[in-house]
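Colleague: Starting from the known structure of chain A, arrange chain B on it as the hints suggest.
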Amino acid sequence: MNLIRVWAVTYKEWREILRDRLFFAMAFVLPLVIFLVLGWGISFDVENIPFAVLDQDKTAMSRDFLHRFIDSRYFDYKGDVRSEREFDALLAHSDIRFAIIIPPRFQEHLLAGQSTSVQSLIDGVFPYRAQVAKGYVSAIIANFNSYSLADYLAGTRGISREQALAQVAPVLIDPRYLYNQALRSQWSMASGLLMLVLMVTPPFLTALGVVREKENGSIYNIYASTISRSEFILGKFLPYLLISCLNILILWWVVMNVFGTPFKGDPLFYYAASVIYVICTAGAGLLISLLVQTQVAAIMLTMVISFVPAMLYSGLLVPIESMEAGTQFEAHLFPTLYYLRISWGSFLKGLGWAELWFDVVALMLYAIILWVVGYLNFHKRPKQ
Amino acid sequence: MNSSRFLLWWDRVIAMTVKELKQLFRDPVLLAIIVYFFTADVYMAGNGIKLNLHSASVMVIDHDHSAASRELIYRFRPPYFDLKGEISGKKEAENLLNKGQILAVLDIPEHFQRDLLRGKQVAVQLQVDTSNTVLGTLATSYATEITAGFGQDLAMQQLGLSAGQVDSLPVIEDRHRVLYNPNQIDSWFMSISELLTVITILSMMLPAAAAVREKERGTIEQLAVSPLTPLQILLPKVIAMSLVILLGTAVCLFLIIIPVFHLPVKGSIGLFFAVTALYVFATSGIGLFIATVSRSLGQVSMLVILLLMPILLLSGAWTPPEAMPQGLRWAMAISPLYYFIEMGYDILLKGAGIAVLKDSLLGLTLLGLVFFSFGVWRFRRQFG
Numbered sequence: 001m002n003l004i005r006v007w008a009v010t011y012k013e014w015r016e017i018l019r020d021r022l023f024f025a026m027a028f029v030l031p032l033v034i035f036l037v038l039g040w041g042i043s044f045d046v047e048n049i050p051f052a053v054l055d056q057d058k059t060a061m062s063r064d065f066l067h068r069f070i071d072s073r074y075f076d077y078k079g080d081v082r083s084e085r086e087f088d089a090l091l092a093h094s095d096i097r098f099a100i101i102i103p104p105r106f107q108e109h110l111l112a113g114q115s116t117s118v119q120s121l122i123d124g125v126f127p128y129r130a131q132v133a134k135g136y137v138s139a140i141i142a143n144f145n146s147y148s149l150a151d152y153l154a155g156t157r158g159i160s161r162e163q164a165l166a167q168v169a170p171v172l173i174d175p176r177y178l179y180n181q182a183l184r185s186q187w188s189m190a191s192g193l194l195m196l197v198l199m200v201t202p203p204f205l206t207a208l209g210v211v212r213e214k215e216n217g218s219i220y221n222i223y224a225s226t227i228s229r230s231e232f233i234l235g236k237f238l239p240y241l242l243i244s245c246l247n248i249l250i251l252w253w254v255v256m257n258v259f260g261t262p263f264k265g266d267p268l269f270y271y272a273a274s275v276i277y278v279i280c281t282a283g284a285g286l287l288i289s290l291l292v293q294t295q296v297a298a299i300m301l302t303m304v305i306s307f308v309p310a311m312l313y314s315g316l317l318v319p320i321e322s323m324e325a326g327t328q329f330e331a332h333l334f335p336t337l338y339y340l341r342i343s344w345g346s347f348l349k350g351l352g353w354a355e356l357w358f359d360v361v362a363l364m365l366y367a368i369i370l371w372v373v374g375y376l377n378f379h380k381r382p383k384q
Numbered sequence: 001m002n003s004s005r006f007l008l009w010w011d012r013v014i015a016m017t018v019k020e021l022k023q024l025f026r027d028p029v030l031l032a033i034i035v036y037f038f039t040a041d042v043y044m045a046g047n048g049i050k051l052n053l054h055s056a057s058v059m060v061i062d063h064d065h066s067a068a069s070r071e072l073i074y075r076f077r078p079p080y081f082d083l084k085g086e087i088s089g090k091k092e093a094e095n096l097l098n099k100g101q102i103l104a105v106l107d108i109p110e111h112f113q114r115d116l117l118r119g120k121q122v123a124v125q126l127q128v129d130t131s132n133t134v135l136g137t138l139a140t141s142y143a144t145e146i147t148a149g150f151g152q153d154l155a156m157q158q159l160g161l162s163a164g165q166v167d168s169l170p171v172i173e174d175r176h177r178v179l180y181n182p183n184q185i186d187s188w189f190m191s192i193s194e195l196l197t198v199i200t201i202l203s204m205m206l207p208a209a210a211a212v213r214e215k216e217r218g219t220i221e222q223l224a225v226s227p228l229t230p231l232q233i234l235l236p237k238v239i240a241m242s243l244v245i246l247l248g249t250a251v252c253l254f255l256i257i258i259p260v261f262h263l264p265v266k267g268s269i270g271l272f273f274a275v276t277a278l279y280v281f282a283t284s285g286i287g288l289f290i291a292t293v294s295r296s297l298g299q300v301s302m303l304v305i306l307l308l309m310p311i312l313l314l315s316g317a318w319t320p321p322e323a324m325p326q327g328l329r330w331a332m333a334i335s336p337l338y339y340f341i342e343m344g345y346d347i348l349l350k351g352a353g354i355a356v357l358k359d360s361l362l363g364l365t366l367l368g369l370v371f372f373s374f375g376v377w378r379f380r381r382q383f384g
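Protein chains in written order, with the UniProt record's numbering: chain A, 1 to 384; chain B, 1 to 384.
Warning: the hint list may mix true and false statements.
[Claimed, not checked] Derived BS3-like pairs: lysine-lysine, alpha-carbon spacing no greater than 25 Å straight-line:
1) A:Lys134 with A:Lys78
2) B:Lys215 with B:Lys22
3) A:Lys12 with A:Lys264
4) A:Lys58 with A:Lys78
5) B:Lys266 with B:Lys350
6) A:Lys264 with B:Lys99
7) B:Lys90 with A:Lys264
8) A:Lys58 with A:Lys134
9) B:Lys358 with B:Lys266
10) B:Lys350 with A:Lys78
11) B:Lys350 with A:Lys134
12) A:Lys78 with B:Lys358
13) B:Lys99 with B:Lys120
14) B:Lys215 with A:Lys214
15) A:Lys214 with B:Lys84
16) B:Lys266 with A:Lys134
17) A:Lys214 with A:Lys380
18) A:Lys12 with A:Lys214
19) B:Lys91 with A:Lys264
20) B:Lys215 with B:Lys19
FYI, nobody ran anything at the bench for these hints, they're computed from the structure.
So here's chain A without its partners, still in its complex pose (with noise of 0.2 Å):
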């Protein structure tokens, strides 16, 4: 391998893409577009949930239960309907998500020691978030259960109230969160989005990079020249992994300073395999390269190819543990698992080499298989 045909053929590359303003500033700007977007974009707080009421029974106790949803930070009180029919046009033009019906005589029955039944409905169209609406629903209702039910045992037992309170609810749960203690969806999104972001652009430039000069039919000028294959490739590869290692530290601070998330492992040991990774992508990259002819195909292969592992199968939205088997057998495959395990052991965990050893060596072995088929399958000479 010659140094100094390698230099030449990044300098050129450098130059390109220097005079290119539009890709350059891509090049820098669409990942962090990415990242923000998604970032803030995706939030799984469910918070605010619309909501309008019913209330049949108008009294001071339907008006105390109906005040625990009101002054909820979970649900945003909209005011209140006349009759149940309302509530369709309402759900259905999605003005409110959740509406809640209270029978008439609910004060009545509770007082005489009778139980009674409160109806909710709540819109289902994103499940995950109707699960953790009716979470809070149960919840409450839970608390002035225990509440109303200690209120009637201390005045027919005459026992104290938090004696009967105890008696009522005699276990509590103290959950203790651990590695996000606020329990905060945007500190293992940014951090988890790293993945992302680095699984999509490296893998873009690098393929864009090849495919331009293959669509321009500048690639014969390299067929023709003295150069070899591995030169060519990575004299090719070294601007975009600089940009790719800039990336890395940008998106670093964004996710420290924009997102707020701690980072409490080894910065060296993190940035070290960030590099990997993002050469393990690139290399992707160069095999799309080599299986397509136009800049478009090339686009839309690499967002079908990198976006989906990325989504699906890293962990990032679907733990791989709630996986089916094959799924998960799958997920293996993909490089991405094994960085959003790095990504979040050394934010949220503060694990280094001990503990993630294991994914920085798969993430090598995956550089390594994908850089060498990719050399072995670029060809100077084109079948025709």
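Modeller: Chain B in isolation, oriented as in the chain A frame:
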């Protein structure tokens, strides 16, 4: 005279449309990718993403080893939890949680049973890995429900009440109904949202690519000297791509979403296609604008992704409007996908008719007119 001129005008548009279709069908890779988007991609999104708790691994530290503690542990069962056994200490628990091998650890204190029998309130600790917030939230919510249920049964027992007597206690029965998707099947939501996103990507990308390809190859000069007006050059590209996209939508709906995921279509399919056609037209205006700004396909694709990201963020596909900050909620009005997603779910899942949709329909039409005329205007300035 006038009518023959009109016919000639359309003849030219149709001839150009046929040319665009032929050109598309001669690019097998692009064609394969379009097919992939409408079939496999939607299938994977619908099948892969399940945002619910499914056999989450739990381990127990049981300091009490009593009948009561075993009874509580026994309740952590599938479908939500999968009990992986018992461990002896906190160190080991921490280790397993760090590695991500288990999601939660239940810690039952000493004298659990004794305290319960004495009528004391006991707290049970649950350590949850919340690096994935969705799982963390759901696991906590279900664990709370399980312990509350355990506590309630215990209370009833101690108070000498059987389950049948709950009627004669002042409690509220929680009756909830989840509308539109009663069993909270994630694949309905996910597959529709993916289909609508795919339509968005393609309706921006394909017309823009078709227009810029002419620029890149220089064939635009031939078109400029032909008797075609700028509108006659652009309209056929939009018509041809719209046809392909509508065909793809039909394939996706009738071959994937309805038969595989058993989506019950509540509304009118005809209305859905009409809305889709309108939407494709509106977004292709953005594509045409991109085509006028960029010089190469590489630039087109970067700009498409750059514009696509905010459109996705502001669409409400992942985060509904109520969960957005106020400023972004206003900005949603300019995302065409927001109206499309709203109408898509309303028609397919909620069975809404035109009356409910008229606001969204009006918004989308206005946006479409603005985008499209802006795109044509820019193009005319460049080549007129």
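Colleague: Could you run down the list of hints and mark each one as holding or not?
Modeller: Evaluated hints:
1. A:Lys134 with A:Lys78: holds, 18 Å
2. B:Lys215 with B:Lys22: holds, 18 Å
3. A:Lys12 with A:Lys264: violated, 40 Å
4. A:Lys58 with A:Lys78: holds, 17 Å
5. B:Lys266 with B:Lys350: holds, 6 Å
6. A:Lys264 with B:Lys99: holds, 15 Å
7. B:Lys90 with A:Lys264: holds, 21 Å
8. A:Lys58 with A:Lys134: holds, 24 Å
9. B:Lys358 with B:Lys266: With a Cα-Cα distance of about 18 Å, the restraint between B:Lys358 and B:Lys266 holds, given a limit of 25 Å.
10. B:Lys350 with A:Lys78: At roughly 21 Å apart (the allowed maximum being 25 Å), A:Lys78 and B:Lys350 satisfy the hint.
11. B:Lys350 with A:Lys134: Given that 25 Å is the threshold and the Cα spacing comes to 19 Å, the pair holds.
12. A:Lys78 with B:Lys358: Within the cut-off at roughly 22 Å; holds.
13. B:Lys99 with B:Lys120: violated, 36 Å
14. B:Lys215 with A:Lys214: Answer holds: B:Lys215 to A:Lys214 is near 17 Å, not above 25 Å.
15. A:Lys214 with B:Lys84: Given pair A:Lys214, B:Lys84 is violated - Cα atoms ~55 Å apart, limit 25 Å.
16. B:Lys266 with A:Lys134: Roughly 24 Å between the alpha carbons, so the hint for B:Lys266 and A:Lys134 holds.
17. A:Lys214 with A:Lys380: Roughly 12 Å separates the two Cα atoms, so the pair holds.
18. A:Lys12 with A:Lys214: The given pair, whose Cα atoms are some 16 Å apart, holds under the 25 Å limit.
19. B:Lys91 with A:Lys264: holds, 19 Å
20. B:Lys215 with B:Lys19: holds, 16 Å
The structure shown violates the earlier hints numbered 3, 13 and 15.
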